[in-house]
Amino acid sequence: AQRVTQPEKLLSVFKGAPVELKCNYSYSGSPELFWYVQYSRQRLQLLLRHISRESIKGFTADLNKGETSFHLKKPFAQEEDSAMYYCALRSGGGSNYKLTFGKGTLLTVNP
Amino acid sequence: NAGVMQNPRHLVRRRGQEARLRCSPMKGHSHVYWYRQLPEEGLKFMVYLQKENIIDESGMPKERFSAEFPKEGPSILRIQQVVRGDSAAYFCASSPQGRENIQYFGAGTRLSVL
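Going down the list, the protein sequences come from chains A and B. Going by the working numbering, the residue at position 83 of the first sequence is 83; the numbering climbs one at a time, nothing skipped. Going by the working numbering, the residue at position 14 of the second sequence is 1014; the numbering climbs one at a time, nothing skipped.
Just chain B, same shape as in the assembly (with noise of 0.2 Å):
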């Protein structure tokens, strides 16, 4: 089992581009977490997702922040007209049914913003 894979590892955009950040989950696992590390700070929830389906998304922004879990491939993160704020490191984590307790984190994605 790879565990979590996370791509791409870093991300550079320029203002006003579209950011994509891909989360594959382990093996037999159907959640998945987002959460976002601004410089000096702990991570934050950003949405939790079920296959197909939005479960929890109270800590996305309201505008520009949308993510996916589709029944076939990765989940996706997707930031429209990225500004310098959203400068940050992305972390997935997924966690298998029955066992929710216990995520698994990637590695992560490190997007800056130009």
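Same shape as in the complex, but just chain A (with noise of 0.2 Å):
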């Protein structure tokens, strides 16, 4: 069965200073992982996906097949970054984008 950890509640780190989130997952087969973001008051929203390779609010994320992980990272934390960091993991087939998702790791961004 699918799986995904995020073994950090609650992750605090003071502005300028690098963030990692950490993801690992579990999946028997071709994993899609997605790194979804809520901000106070408001919806889910993505971040990033990993088949797209792309850096968002300098974010970026690489999957990691050997280690099974998709750990979250930031060189330069911003204040605006504190927010609830949720890492998913694609678990349908064809059309089926249900979504496994961790517990989730709340970041703070202190001045």
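Worth flagging that the hints you see were computed from the coordinates, not collected in a lab. These figures come from a predicted structure and were not determined experimentally. A few of these clues could be false.
Using 30 Å as the maximum straight-line C-alpha spacing, the simulated DSSO-like pairs for lysine-lysine come out as follows [said to hold, decoys possible]: (1) A/K57 / A/K9; (2) A/K73 / A/K103; (3) A/K65 / B/K1062; (4) A/K9 / B/K1044; (5) B/K1027 / B/K1071; (6) A/K73 / A/K22; (7) A/K103 / B/K1062; (8) B/K1044 / A/K73; (9) A/K73 / A/K9; (10) A/K65 / A/K9; (11) B/K1062 / A/K22; (12) B/K1062 / B/K1044; (13) A/K103 / B/K1071; (14) A/K57 / B/K1062; (15) B/K1027 / B/K1044; (16) A/K57 / B/K1044; (17) B/K1051 / B/K1027; (18) A/K73 / A/K57; (19) A/K57 / A/K103; (20) A/K103 / A/K22; (21) A/K57 / A/K15; (22) A/K103 / A/K15; (23) A/K22 / A/K57; (24) B/K1062 / B/K1051.
With the hints as a guide, dock the two chains, each given alone in a separate frame, to form the complex.
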């Protein structure tokens, strides 16, 4: 069965410091991974997908199949990055993109 | 485009009553997903629907829960004879045909069962 683990429930850093939010997954098929973010009082929104290999708001994430990880990184955290971050794994097939989510990491960036 | 609309935002029911949660996908979106989030947990998949069809209901509890996405109107998640354990946040997401890998989420419905 598929599983997504985010080992840190809470992560606190200072502004300008590097940040890394960890995500490990377990899946027998070919994984597709996503990071979603939820800012305070806002709805969940897609931050980035591993297949697009993009950088959004300074965040990047690399899929490491050997370590079954998809950690989210940013070299210099900003206060506006404070939010709840969820790692998710696609577990459907064909046009089915049902997602398996981790429990989330609450990132706080202190001034 | 108003985004994915869910209503009500908050719903209070007594044990044994029925709960109906509505989700209007974004305009032009034909795929709808429902997820449930219990306190301190991540979102858990419940059901995936396309217009008039249930594609995957592997995450739905076997009893009391049902979902539909009619040709006209919103998608409905229905919970009959609610129990305290049904108290959770229920999220709907939609995606367009051809870009199914991008899910747009609603703000959720918070169900409280007294």
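Do the hints match the structure? See the list:
no., hint, result
1, A/K57 / A/K9, "holds (22 Å)"
2, A/K73 / A/K103, "holds (18 Å)"
3, A/K65 / B/K1062, "violated (35 Å)"
4, A/K9 / B/K1044, "holds (17 Å)"
5, B/K1027 / B/K1071, "holds (13 Å)"
6, A/K73 / A/K22, "holds (9 Å)"
7, A/K103 / B/K1062, "holds (24 Å)"
8, B/K1044 / A/K73, "holds (25 Å)"
9, A/K73 / A/K9, "holds (16 Å)"
10, A/K65 / A/K9, "holds (23 Å)"
11, B/K1062 / A/K22, "violated (34 Å)"
12, B/K1062 / B/K1044, "holds (15 Å)"
13, A/K103 / B/K1071, "violated (34 Å)"
14, A/K57 / B/K1062, "violated (41 Å)"
15, B/K1027 / B/K1044, "holds (25 Å)"
16, A/K57 / B/K1044, "holds (27 Å)"
17, B/K1051 / B/K1027, "holds (13 Å)"
18, A/K73 / A/K57, "holds (11 Å)"
19, A/K57 / A/K103, "holds (22 Å)"
20, A/K103 / A/K22, "holds (12 Å)"
21, A/K57 / A/K15, "holds (15 Å)"
22, A/K103 / A/K15, "holds (24 Å)"
23, A/K22 / A/K57, "holds (18 Å)"
24, B/K1062 / B/K1051, "holds (22 Å)"
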